[in-house]
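Here's the letter readout for the chains.
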Amino acid sequence: GENVEQHPSTLSVQEGDSAVIKCTYSDSASNYFPWYKQELGKGPQLIIDIRSNVGEKKDQRIAVTLNKTAKHFSLHITETQPEDSAVYFCAASKRGGADGLTFGKGTHLIIQP
Amino acid sequence: GAGVSQSPSNKVTEKGKDVELRCDPISGHTALYWYRQSLGQGLEFLIYFQGNSAPDKSGLPSDRFSAERTGESVSTLTIQRTQQEDSAVYLCASSLLQAYGYTFGSGTRLTVV
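These protein sequence lines are chains A and B, in that order. Its first residue numbered 14, the first sequence is counted upward by one per residue in our numbering. Its first residue numbered 3, the second sequence is counted upward by one per residue in our numbering.
So that you can see chain A by itself, here it is in the shape it has in the complex (with noise of 0.2 Å):
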């Protein structure tokens, strides 16, 4: 089956500067790949997802890149703010997620003041 790896497990950043998450996953089958925010006592909100026909997606502070061939992808979160402070999940799945997604096991991100 998928296995999903996630690093760093805690990154913290000064206010302002850039956020970087990143994960690999095993099989090369999978073909989506969403990021989601949890906040403390919230369910899991999806932020951003990519599909593996592309290898880059923006929507304003984040992106997210993905390179088949190494099999990893990333969250990329730039000019951080206070609000961005959570813990990040990424996950990987066959047939867009239908039947269930692999999650890594999250990033807790701290935005330093």
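One should not assume that every hint holds.
[What the hints assert, rightly or not] Here are some chain B residues pointing at chain A (derived, C-beta under 10 Å): (1) A4; (2) G5; (3) Y35; (4) Y50.
In case anyone wonders, no lab produced these hints; they're calculated from the structure. Just so we're clear, the structure is a prediction, and the values are computed from it rather than from any experiment. Here a beta-carbon is modelled for each residue, glycine too, at the ideal position from N, C-alpha and C.
With the hints as your guide, set chain B onto chain A.
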């Protein structure tokens, strides 16, 4: 409703008791998923319902776990003879058929004492 609703939000139960967790998906979403999130861990897939098809139970950790769904609406996750290792946050998510991206509920925090 506007989002995925889960109840109760918190449940404390004695070891050996049965518990029932409820999920109301977003209206019109045909796919419904249950995940388990243990302390400091990622999300573990439990079960998946798609329309009237037989559910994918491949993630259920033991035969003490079962789930039902009424048509394309409410789902209940039942844990029989609860054990301390069942303590976790149980998350429900729903999505459109073959859509990319789930919407999660806020979860039920289960504590077995």
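Results of checking the hints against the structure:
| no. | hint | in the structure |
| --- | --- | --- |
| 1 | A4 | violated (14 Å) |
| 2 | G5 | holds (9 Å) |
| 3 | Y35 | holds (7 Å) |
| 4 | Y50 | holds (5 Å) |
Hint 1 alone, counting from the list given before, is not met by this structure.
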